[in-house]
Amino acid sequence: MIAAGIDIGTQSAKVAILKGGEVLSRSLALCGFNPKEAAEKAFKEALRKARLSFDNVEHITATGAGAAKATNSDSTISMVGADAQAGAYFFPSARTVIDVGAEEARAVSCDENGNMLDFVLNSRCAAGAGTFIEAMARALEVELEELGPLSLKAEKASPINASCVIFSESDVVSLIHRQEPKPEIARAIYDAMADRISSMVHRLGIKPHVVLVGGVAKDVGFVTSLKRKLHTELLIPEGPVFAGSVGAALTAGKRIG
Amino acid sequence: MATKFEGKVKAIPEMPPKEIEEMRNTMEFVSRKVIAENIERMKITWPNRPKTMQYFDEISNFFGQRVEEIRAQKEAGKKIIGYSCMFAPIELILAADAIPVRIDSGWYDTAKLGDTIVPVEVCPVIRSNIGTQMVNLSPYLELSDAIIIPLTCDGRTKLSEILRDDKTVWTMCPPRIKDSLQSRKLWVEEVKAVKEKIEDLTGTEITGKTLRSAIEITQRASKAFRRLQEIRKGNPVIMGRDSMLVNQTSTWDDIKRWTQKTEELCDELENRIEQKNWACSPDTPRVMVTGTPMIWPDNWKIPNLIEESSPHGVIVVDELCSGDRLLYDPVGVDEWTMSDMMDALAERYILASTCPCFTSEHGNEDRINWLLDRVTEYRVDGVIYYVIRGCILYAMEYARIKRLLDSMDVPVYYLDTEYTREDVGQMKTRVEAFLEMLETRVALREVK
Numbered sequence: 001m002i003a004a005g006i007d008i009g010t011q012s013a014k015v016a017i018l019k020g021g022e023v024l025s026r027s028l029a030l031c032g033f034n035p036k037e038a039a040e041k042a043f044k045e046a047l048r049k050a051r052l053s054f055d056n057v058e059h060i061t062a063t064g065a066g067a068a069k070a071t072n073s074d075s076t077i078s079m080v081g082a083d084a085q086a087g088a089y090f091f092p093s094a095r096t097v098i099d100v101g102a103e104e105a106r107a108v109s110c111d112e113n114g115n116m117l118d119f120v121l122n123s124r125c126a127a128g129a130g131t132f133i134e135a136m137a138r139a140l141e142v143e144l145e146e147l148g149p150l151s152l153k154a155e156k157a158s159p160i161n162a163s164c165v166i167f168s169e170s171d172v173v174s175l176i177h178r179q180e181p182k183p184e185i186a187r188a189i190y191d192a193m194a195d196r197i198s199s200m201v202h203r204l205g206i207k208p209h210v211v212l213v214g215g216v217a218k219d220v221g222f223v224t225s226l227k228r229k230l231h232t233e234l235l236i237p238e239g240p241v242f243a244g245s246v247g248a249a250l251t252a253g254k255r256i257g
Numbered sequence: 258m259a260t261k262f263e264g265k266v267k268a269i270p271e272m273p274p275k276e277i278e279e280m281r282n283t284m285e286f287v288s289r290k291v292i293a294e295n296i297e298r299m300k301i302t303w304p305n306r307p308k309t310m311q312y313f314d315e316i317s318n319f320f321g322q323r324v325e326e327i328r329a330q331k332e333a334g335k336k337i338i339g340y341s342c343m344f345a346p347i348e349l350i351l352a353a354d355a356i357p358v359r360i361d362s363g364w365y366d367t368a369k370l371g372d373t374i375v376p377v378e379v380c381p382v383i384r385s386n387i388g389t390q391m392v393n394l395s396p397y398l399e400l401s402d403a404i405i406i407p408l409t410c411d412g413r414t415k416l417s418e419i420l421r422d423d424k425t426v427w428t429m430c431p432p433r434i435k436d437s438l439q440s441r442k443l444w445v446e447e448v449k450a451v452k453e454k455i456e457d458l459t460g461t462e463i464t465g466k467t468l469r470s471a472i473e474i475t476q477r478a479s480k481a482f483r484r485l486q487e488i489r490k491g492n493p494v495i496m497g498r499d500s501m502l503v504n505q506t507s508t509w510d511d512i513k514r515w516t517q518k519t520e521e522l523c524d525e526l527e528n529r530i531e532q533k534n535w536a537c538s539p540d541t542p543r544v545m546v547t548g549t550p551m552i553w554p555d556n557w558k559i560p561n562l563i564e565e566s567s568p569h570g571v572i573v574v575d576e577l578c579s580g581d582r583l584l585y586d587p588v589g590v591d592e593w594t595m596s597d598m599m600d601a602l603a604e605r606y607i608l609a610s611t612c613p614c615f616t617s618e619h620g621n622e623d624r625i626n627w628l629l630d631r632v633t634e635y636r637v638d639g640v641i642y643y644v645i646r647g648c649i650l651y652a653m654e655y656a657r658i659k660r661l662l663d664s665m666d667v668p669v670y671y672l673d674t675e676y677t678r679e680d681v682g683q684m685k686t687r688v689e690a691f692l693e694m695l696e697t698r699v700a701l702r703e704v705k
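Protein chains in written order, with my numbering: chain V, 1 to 257; chain S, 258 to 705.
The set of hints was computed from the structure by calculation and includes no laboratory data. On a predicted model such as this, the values are computed, not experimentally measured, just so you know. One or more of the hints may lead you astray.
As the list claims (entries may be wrong) - When the alpha-carbon atoms are kept at most 20 Å apart in a straight line, the in silico SDA-like pairs for lysine to any residue are as follows: (1) V/K69 with S/K685; (2) S/K685 with V/A68; (3) V/K254 with S/V667; (4) V/K227 with V/N113; (5) V/K254 with S/T697; (6) S/K659 with V/G205; (7) V/K36 with S/G682; (8) S/K685 with V/L117; (9) S/K454 with S/S437; (10) S/K454 with S/G334; (11) S/K659 with V/S199; (12) S/K267 with S/S417; (13) S/K442 with S/D600; (14) S/K513 with S/D524; (15) V/K207 with S/Q476; (16) S/K685 with V/K19; (17) S/K685 with V/E103; (18) S/K659 with S/C614; (19) S/K300 with S/P539; (20) V/K207 with S/K513; (21) S/K513 with S/P587; (22) S/K705 with V/S199; (23) S/K705 with V/G205; (24) S/K705 with V/N113; (25) S/K705 with V/E112; (26) V/K254 with S/A700; (27) V/K207 with V/K19; (28) V/K254 with V/E22; (29) S/K685 with V/T10; (30) V/K207 with S/K308; (31) S/K513 with S/Q476; (32) V/K19 with V/K156; (33) S/K659 with V/R203; (34) V/K69 with S/D680; (35) V/K254 with V/K156; (36) S/K513 with S/E315; (37) V/K156 with V/H177; (38) V/K207 with S/D600; (39) S/K685 with V/N122.
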């Protein structure tokens, strides 16, 4: 029983292929200006890795902001629905799944079967998501990958406003002018973002265990800040960016039979 | 330069008439399109839509037959009295043989125009009303000889000042605590004061006989209104948007004719119940909407999404002052004396209201109980709590209501939006995820 999930996000398209509940392969392609093409590219690559052809796939479920662009899919599932499925799959004890992607953050509570019980989405502002970190890294003139490790060297926290990316950038510029050390500014950026995510999760209610997925779950700076804010451990699966596509593939699997 | 204000300076600057004309024409064009489109969408969702709905479709056109009717009556000497907010006692307007029309604005384009006068933080209903006044988009507002504005929120309080630029405005001050003696006294006096103003404008004395007959008219309207809401308790025999439209047209239609047409619609719907001719599958998740009013025609965004998305839901009940709250409560008169009728009228508009502008020892108890009762009676699977930016009263009541609904295991989703078409995609993501969750719950419940 071969099932596939396609997750077309705002920045990249992810594909996961499952056989009887086991992940056979995963692949990612950047969307650029053509998310449809990116999804097709990722799909082909995932098939190649799994040594399968398109005809072997029995059901394809699409998710993500660009789900409608996955024209070859058989069904769709909401992003939060896919997160709940994936969270419970990676960690059966998961009751809360937080997903921080490029432009959106969301949290969902789920049961042991991955059924979604409740969810929240951030208030339609990129300040609580990955692109915020990218914009701030640019303002600090450091590579995106360096920002996280840099923030861990901070001795104290300097609060900044994270209600909006634009305001935050001007706050960061003031910190630079005040000649605050870079590690502290980096930490301020992650703290501000973690603040926003944590108040969102609090609206939902934090039920352990808490799973963190999405591209930003790989950023050690963000993970450290979020743990501090939520006062809880965060379970992070291997390849957190693929959670949506795995959740969609699990859904596809359920829809076959 | 002016050294004293004395009401001489207008809030809205003068604009060249040609510019106003052009803006009005563009906005009217868009609005006609939106009205036609929304009706078309309702027809697509419910292909077997009863013929009786055609009447309400026609009345829902802000540039159609109903406006012409009112215009002709105005030319024949009748007075038109507009009102913002459902606290205005329409029975007094009817008793003076004048025409009541609600003028709360649902237009998105005029809200953008209102931004040039007041900041974007202001509630969009208010901004839209300001913009509507600027370009005369609403024929009902334009035709109104006077406007009653109950000061139920901060937005309406200041809106009354801005509309005074060009209009006769009568404010009414509702108390914030409804069950105290002093509140009651204040409100009865407010109702009396507005009665005198209506009499002065129309030159018609409101007598015991005319008031009784007006009260009886709205009592009959309430009966039809309740009949429709009662029908919605069962399997879906009417889509939510259609009943919302019927409810809302009552605020500008001829109320007697509206009552008759609503009874006709209910006859047909009851026939359909016998034939098990449902508007959508009885397994469709049953949704309740509550919060800020959803005003025709532009602000139909959320009901459209709920009933069109995939999976879709059906709105079986709402707690909106643009919806199920409108005519639900009849005026309860004991003795048909003038003073009893006036007391009963005042009570109906205050005690029966579940507006979040009120508070009491136990918070806004009446609204909360209203919501919880409906959730059970209408077998609601999930609640969409809808708030537009700047609507502090509804936004602040959410925390408690969410916890109460959680304790009843009823999912609720807080949806905050604006008077804009641009966020439909984001709204859709949220609504679809919520409905997907409800669908799973409905399926699991059936398995059990």
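Comparing the hints with the structure gives:
1. V/K69 with S/K685: holds, 16 Å
2. S/K685 with V/A68: OK: S/K685 and V/A68 at ~12 Å, within 20 Å.
3. V/K254 with S/V667: violated, 26 Å
4. V/K227 with V/N113: Given pair V/K227, V/N113 is violated - Cα atoms ~25 Å apart, limit 20 Å.
5. V/K254 with S/T697: This hinted pair holds, its Cα atoms lying about 13 Å apart.
6. S/K659 with V/G205: holds, 12 Å
7. V/K36 with S/G682: Distance ~18 Å between V/K36 and S/G682 Cα, so the pair holds.
8. S/K685 with V/L117: Judged against 20 Å, a Cα distance of about 19 Å means the pair holds.
9. S/K454 with S/S437: violated, 26 Å
10. S/K454 with S/G334: Satisfied, since the Cα-Cα distance of roughly 17 Å is no more than 20 Å.
11. S/K659 with V/S199: holds, 16 Å
12. S/K267 with S/S417: holds, 12 Å
13. S/K442 with S/D600: holds, 10 Å
14. S/K513 with S/D524: holds, 17 Å
15. V/K207 with S/Q476: violated, 50 Å
16. S/K685 with V/K19: violated, 32 Å
17. S/K685 with V/E103: Answer holds: S/K685 to V/E103 is near 16 Å, not above 20 Å.
18. S/K659 with S/C614: Measuring from Cα to Cα gives roughly 18 Å; hence the hint holds.
19. S/K300 with S/P539: Within the cut-off at roughly 19 Å; holds.
20. V/K207 with S/K513: violated, 55 Å
21. S/K513 with S/P587: The given pair, whose Cα atoms are some 15 Å apart, holds under the 20 Å limit.
22. S/K705 with V/S199: violated, 35 Å
23. S/K705 with V/G205: violated, 27 Å
24. S/K705 with V/N113: Distance ~16 Å between S/K705 and V/N113 Cα, so the pair holds.
25. S/K705 with V/E112: holds, 17 Å
26. V/K254 with S/A700: It holds: about 14 Å lies between the C-alpha atoms, which stays within 20 Å.
27. V/K207 with V/K19: Not OK: V/K207 and V/K19 at ~30 Å, beyond 20 Å, violated.
28. V/K254 with V/E22: holds, 13 Å
29. S/K685 with V/T10: holds, 16 Å
30. V/K207 with S/K308: violated, 51 Å
31. S/K513 with S/Q476: Holds, because 11 Å separates the two Cα atoms, which is no more than 20 Å.
32. V/K19 with V/K156: Between V/K19 and V/K156 the Cα gap is close to 48 Å, so the pair fails against 20 Å, i.e. violated.
33. S/K659 with V/R203: Holds, at about 10 Å.
34. V/K69 with S/D680: Within the cut-off at roughly 19 Å; holds.
35. V/K254 with V/K156: Between V/K254 and V/K156 the Cα gap is close to 49 Å, so the pair fails against 20 Å, i.e. violated.
36. S/K513 with S/E315: holds, 16 Å
37. V/K156 with V/H177: holds, 18 Å
38. V/K207 with S/D600: violated, 52 Å
39. S/K685 with V/N122: Roughly 14 Å separates the two Cα atoms, so the pair holds.
Going down the numbered hints, you'll see the structure goes against 3, 4, 9, 15, 16, 20, 22, 23, 27, 30, 32, 35, 38, while the others check out.
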